[in-house]
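From first to last, the protein sequence lines stand for chains A and B.
If you read the first sequence in the working numbering, its first letter stands for residue 6, the second for the next number, and so on.
If you read the second sequence in the working numbering, its first letter stands for residue 6, the second for the next number, and so on.
Hints may contain errors.
Heads up, the list lumps identical chains together, so a pair's fine if it works in one copy or across two of them.
Dumping the calculated SDA-like pairs for lysine to any residue here, alpha-carbon to alpha-carbon at most 20 Å [stated by the list, open to error]:
1. Lys-181 - Arg-505
2. Lys-563 - Leu-59
3. Lys-181 - Ala-381
4. Lys-60 - Phe-121
Hints listed in this document are in silico derivations from the structure and should not be mistaken for laboratory results.
There are 2 protein chains.
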Amino acid sequence: MRIALEQIDPIVGDIAGNELLITNSIADARAAGAALVCLPELALTGYPPEDLLLKAHVLSDVADALERIAAEAVDIVAIVGYPEHDGAVYNSAAVLADGRIAGSYRKNHLPNYGVFDEHRYFKAGSGGAVIKINGSVIGLSICEDIWSPGPPESDEAAAGAGLIVNLSASPYQAGKGTAREQMLSARALESGAAVAFCGQVGGQDELVFDGHSLVVGGDGEILARAPQFEQWLLTCEVPLAEREFDAEAGPAVELIGSFSTNPPSDDTSLDHLIASVASDDDAVYAALVLGTRDYTDKNGFERVVLGLSGGVDSALVACIACDALGPGRVTCVTMPSQYSSEGTYSDALALADALGVELLELPIGGLMEGYETLLAAPFEGHAPDLTEENLQARIRGNLLMALSNKFGWLVLTTGNKSEMAVGYSTLYGDSAGGFAVIKDLPKTLVYRLCEIRNARSDSPIPDSVLTRPPSAELRPDQADQDSLPPYDVLDPLLEGYVERDLGAEQLIAEGFDPETVAKVIALVDRAEYKRRQQPPGIKVTAKAFGRDRRLPITNRYKG
Amino acid sequence: MRIALEQIDPIVGDIAGNELLITNSIADARAAGAALVCLPELALTGYPPEDLLLKAHVLSDVADALERIAAEAVDIVAIVGYPEHDGAVYNSAAVLADGRIAGSYRKNHLPNYGVFDEHRYFKAGSGGAVIKINGSVIGLSICEDIWSPGPPESDEAAAGAGLIVNLSASPYQAGKGTAREQMLSARALESGAAVAFCGQVGGQDELVFDGHSLVVGGDGEILARAPQFEQWLLTCEVPLAEREFDAEAGPAVELIGSFSTNPPSDDTSLDHLIASVASDDDAVYAALVLGTRDYTDKNGFERVVLGLSGGVDSALVACIACDALGPGRVTCVTMPSQYSSEGTYSDALALADALGVELLELPIGGLMEGYETLLAAPFEGHAPDLTEENLQARIRGNLLMALSNKFGWLVLTTGNKSEMAVGYSTLYGDSAGGFAVIKDLPKTLVYRLCEIRNARSDSPIPDSVLTRPPSAELRPDQADQDSLPPYDVLDPLLEGYVERDLGAEQLIAEGFDPETVAKVIALVDRAEYKRRQQPPGIKVTAKAFGRDRRLPITNRYKG
Numbered sequence: 006m007r008i009a010l011e012q013i014d015p016i017v018g019d020i021a022g023n024e025l026l027i028t029n030s031i032a033d034a035r036a037a038g039a040a041l042v043c044l045p046e047l048a049l050t051g052y053p054p055e056d057l058l059l060k061a062h063v064l065s066d067v068a069d070a071l072e073r074i075a076a077e078a079v080d081i082v083a084i085v086g087y088p089e090h091d092g093a094v095y096n097s098a099a100v101l102a103d104g105r106i107a108g109s110y111r112k113n114h115l116p117n118y119g120v121f122d123e124h125r126y127f128k129a130g131s132g133g134a135v136i137k138i139n140g141s142v143i144g145l146s147i148c149e150d151i152w153s154p155g156p157p158e159s160d161e162a163a164a165g166a167g168l169i170v171n172l173s174a175s176p177y178q179a180g181k182g183t184a185r186e187q188m189l190s191a192r193a194l195e196s197g198a199a200v201a202f203c204g205q206v207g208g209q210d211e212l213v214f215d216g217h218s219l220v221v222g223g224d225g226e227i228l229a230r231a232p233q234f235e236q237w238l239l240t241c242e243v244p245l246a247e248r249e250f251d252a253e254a255g256p257a258v259e260l261i262g263s264f265s266t267n268p269p270s271d272d273t274s275l276d277h278l279i280a281s282v283a284s285d286d287d288a289v290y291a292a293l294v295l296g297t298r299d300y301t302d303k304n305g306f307e308r309v310v311l312g313l314s315g316g317v318d319s320a321l322v323a324c325i326a327c328d329a330l331g332p333g334r335v336t337c338v339t340m341p342s343q344y345s346s347e348g349t350y351s352d353a354l355a356l357a358d359a360l361g362v363e364l365l366e367l368p369i370g371g372l373m374e375g376y377e378t379l380l381a382a383p384f385e386g387h388a389p390d391l392t393e394e395n396l397q398a399r400i401r402g403n404l405l406m407a408l409s410n411k412f413g414w415l416v417l418t419t420g421n422k423s424e425m426a427v428g429y430s431t432l433y434g435d436s437a438g439g440f441a442v443i444k445d446l447p448k449t450l451v452y453r454l455c456e457i458r459n460a461r462s463d464s465p466i467p468d469s470v471l472t473r474p475p476s477a478e479l480r481p482d483q484a485d486q487d488s489l490p491p492y493d494v495l496d497p498l499l500e501g502y503v504e505r506d507l508g509a510e511q512l513i514a515e516g517f518d519p520e521t522v523a524k525v526i527a528l529v530d531r532a533e534y535k536r537r538q539q540p541p542g543i544k545v546t547a548k549a550f551g552r553d554r555r556l557p558i559t560n561r562y563k564g
Numbered sequence: 006m007r008i009a010l011e012q013i014d015p016i017v018g019d020i021a022g023n024e025l026l027i028t029n030s031i032a033d034a035r036a037a038g039a040a041l042v043c044l045p046e047l048a049l050t051g052y053p054p055e056d057l058l059l060k061a062h063v064l065s066d067v068a069d070a071l072e073r074i075a076a077e078a079v080d081i082v083a084i085v086g087y088p089e090h091d092g093a094v095y096n097s098a099a100v101l102a103d104g105r106i107a108g109s110y111r112k113n114h115l116p117n118y119g120v121f122d123e124h125r126y127f128k129a130g131s132g133g134a135v136i137k138i139n140g141s142v143i144g145l146s147i148c149e150d151i152w153s154p155g156p157p158e159s160d161e162a163a164a165g166a167g168l169i170v171n172l173s174a175s176p177y178q179a180g181k182g183t184a185r186e187q188m189l190s191a192r193a194l195e196s197g198a199a200v201a202f203c204g205q206v207g208g209q210d211e212l213v214f215d216g217h218s219l220v221v222g223g224d225g226e227i228l229a230r231a232p233q234f235e236q237w238l239l240t241c242e243v244p245l246a247e248r249e250f251d252a253e254a255g256p257a258v259e260l261i262g263s264f265s266t267n268p269p270s271d272d273t274s275l276d277h278l279i280a281s282v283a284s285d286d287d288a289v290y291a292a293l294v295l296g297t298r299d300y301t302d303k304n305g306f307e308r309v310v311l312g313l314s315g316g317v318d319s320a321l322v323a324c325i326a327c328d329a330l331g332p333g334r335v336t337c338v339t340m341p342s343q344y345s346s347e348g349t350y351s352d353a354l355a356l357a358d359a360l361g362v363e364l365l366e367l368p369i370g371g372l373m374e375g376y377e378t379l380l381a382a383p384f385e386g387h388a389p390d391l392t393e394e395n396l397q398a399r400i401r402g403n404l405l406m407a408l409s410n411k412f413g414w415l416v417l418t419t420g421n422k423s424e425m426a427v428g429y430s431t432l433y434g435d436s437a438g439g440f441a442v443i444k445d446l447p448k449t450l451v452y453r454l455c456e457i458r459n460a461r462s463d464s465p466i467p468d469s470v471l472t473r474p475p476s477a478e479l480r481p482d483q484a485d486q487d488s489l490p491p492y493d494v495l496d497p498l499l500e501g502y503v504e505r506d507l508g509a510e511q512l513i514a515e516g517f518d519p520e521t522v523a524k525v526i527a528l529v530d531r532a533e534y535k536r537r538q539q540p541p542g543i544k545v546t547a548k549a550f551g552r553d554r555r556l557p558i559t560n561r562y563k564g
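Looking at chain A on its own, in the form it has when it is part of the complex (with noise of 0.2 Å):
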């Protein structure tokens, strides 16, 4: 049987342009011969919808749309994500098919972990459900249903299912890919069923989704891959013999109807495409591509701006502004101090033209002299601090975003993720603005990037910027390292804290030193409540700053 997997990229609330997406996919994939085709969990809304959900008009246009969408469904069978409101709200999948709505499955197992927060939405399904399509059966699936082994797909394979669909939205994270293959051969040779996984791709605030759709033959190899990171319609043929459903063997599912379609074509170019898989950092790139793109067109950005401090944050912050939008849509902004280096602000001139964006330069120097005069009665006797070093960032912040408000501008901010767990960064200052592309990306992965990036094309950014010590250059003579550890220990320090939750004893037991442990774990705490008002920025590792870690800014423990 030919099976079409449509991965695309909704946008959250627009049900209108999903609806459009959807009903052209349909179309696509009857062309393409395809006897069923399969769009992503809540394709509709587009995921995660959050607390739109709680509105019952929206459930109701919802409604509204799919009834639509299944007057395209014609000569071929459609699965579509969408959110089902019957009494209870359904995380479900409608079958389509002749012309209308056949009927629906509801996601049995709802996360609400990590980024998830499924229960606050969706009663769960009970059970699995199948289709019969030209005489062979078909489980139907939604995302965590099928993470681990056992019921819905098992029961669904048990009544007779050959092939198991499951609609996705999955949030990418480095790794993610390798461990999803291997979860959905494993469900395949578990049953013997084959699997068709069926990813959204696209940006959506803080998550970025890689599609990744898959086909696994009941031997657990891989039929056909779609590239990550980009709409894709990928088919492939699926070998499937006919079989009864057997409703004693599945005694927990459900037949919602059978269909036939007419028979697919001879076309034997059809495509099994298997596309390659990205290494984890160049995955780690594209993610942050898209997530940037996405932000930025979804919510109807002309144009993004940026501080260039000549440093390896901003450079890698710019590198991929460019790569998303074009380097036509970037405008970057240097604004030098007393404190700046003739080599930071050099290189920040080279980058820029080697990228080809253009480039403003606003000196500080007179505002920082404007506010020491104003506070220096109540300052009276108190010797320069930090105070003074989040005015020079609080500065830079403000011009940003005075060009944001004039123009309509994005304002990218460029901190790190090493930074935001520890603090260093100044509220208001270089957090300042509507996107913080890297905000989950330790330090040690921001340099790694830089690699990648140069080693693509044109090198441009300057090696003195991969060299030189890093530092904030917001007095005389700083450097990170003269406060933190060297990255290369902060950094898995931090992963040990923040990303497995580790407490202090757990650290040392890893061979981190005592003192170092207790520094940083107080850092980090005394940080959240910077960490609350940042931007949202793109999450890649297995724990972001945002939802997926939400402790209390009032909190004493000190384990």
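Once you have looked at the hints, place chain B on chain A.
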């Protein structure tokens, strides 16, 4: 039977400190002759501990502390809320008696709506639990368990419980006290069992808990009520017959144990306090005072600072800060510009004088000129607009943050919910700070609370503050009502859209002008990115911006 309900104000994560509060409570209750003492839900961690519960070492520290507390439960039975780690994690009530942990009841109903995320952390218990004390059967329940009729408390009553205790951490919102009392009376009347409700008190980030511990007789009448918004040990003599535990009538109910305590003293002086209940608006004021005090003190700030504009919002925040902390811990700053009127300036001075707070004056005109000069080149050919208004607000934000950085003061912001809803505030400007005291107060409620505060003593807020048309004073002759509907129209409309999740059609059906509805909905939706970067503030309505309302920023829904 004499019982004691200790409404404590724990600090989240302060396990050692909370342990001390609990052991002191046990000792005080025993001294008061109580056979049974109840502490609130998750008393040992404070509520809500959020992702602290994902850390194994936190759960282990809790288990150790509970062992130590149990040793103090001698001659009295103590019911203490804690997270129980037994394979899964449960939201449990430990029964401490005879110096040991006799067992635990596990919360059956886990809320996962509004501000609650309990499915993220806990596995639900199944079935009720009772204990026997001196021959009487007492049922156990935790918070949400009792908000609906039915099990576990109906099963516990059927099994013989003459008293149901409920450990709670029930976040305050306006009107919740009345709703809670009606609910508890209904439960008592349904089962004929008395109900003892023990609530947490205190502020925790965006939530305030009002305590409001209560004992309701089996006839639904209130036997005792603690005051809201303060720590309190409420004691009460509850008429309880000796009864047998009937395992057949309550098959889903476990008997944890039977205990004897020393008979309560015949101290007839025992005060059956029935504290009066404040009016809704008075309670909101009290909630804001407690929330501000607890956020400030629990986070270790000696002093707060806020900008005083001469407007009604900052006037109210100044009053709340003084009532929470005393005027000696409050600094106000007036930051006049060329657009500030003589009236607001002198009102700010009069208010500061009436409250007895320190007042700094930092005029912003020079800095504004500095920004205009620096930005003259990039802004050439563009007329002044919101950009310049935002710059003024951001200069003020920078100055307050500089004071905060230099002296370690907490910046209180003064924006109200109506502004926050429609986005009439400047990100990194007037919204820059650590705690947004009145962010959940519609503007009309701000006025009502000013009247309440003025009526209470000294009338610190000048009449002209209350009668002058509201203005941001960021350009000549600006008034809020130039671009917004009057607040007595706007606020009910926002309540419908934000708190009741109504769509445009429904709002128009309620009588709102269609054009106003369209305009306001568009403003609210467009401001989501601003709200995401706001400091935390105190929830007092049914749905506050924050964890209560989780909408995507990227959202094309236009219903």
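Hints and how they fare:
1. Lys-181 - Arg-505: within (16 Å within a copy, 38 Å between copies)
2. Lys-563 - Leu-59: between (38 Å within a copy, 15 Å between copies)
3. Lys-181 - Ala-381: Cα proximity of Lys-181 and Ala-381: none, with 54 Å in one copy and 49 Å across.
4. Lys-60 - Phe-121: Both. Shortest intra-copy (19 Å) and inter-copy (18 Å) distances satisfy the 20 Å Cα cut-off.
Hint check: a violation occurs at hint 3 only; the rest are consistent with the structure.
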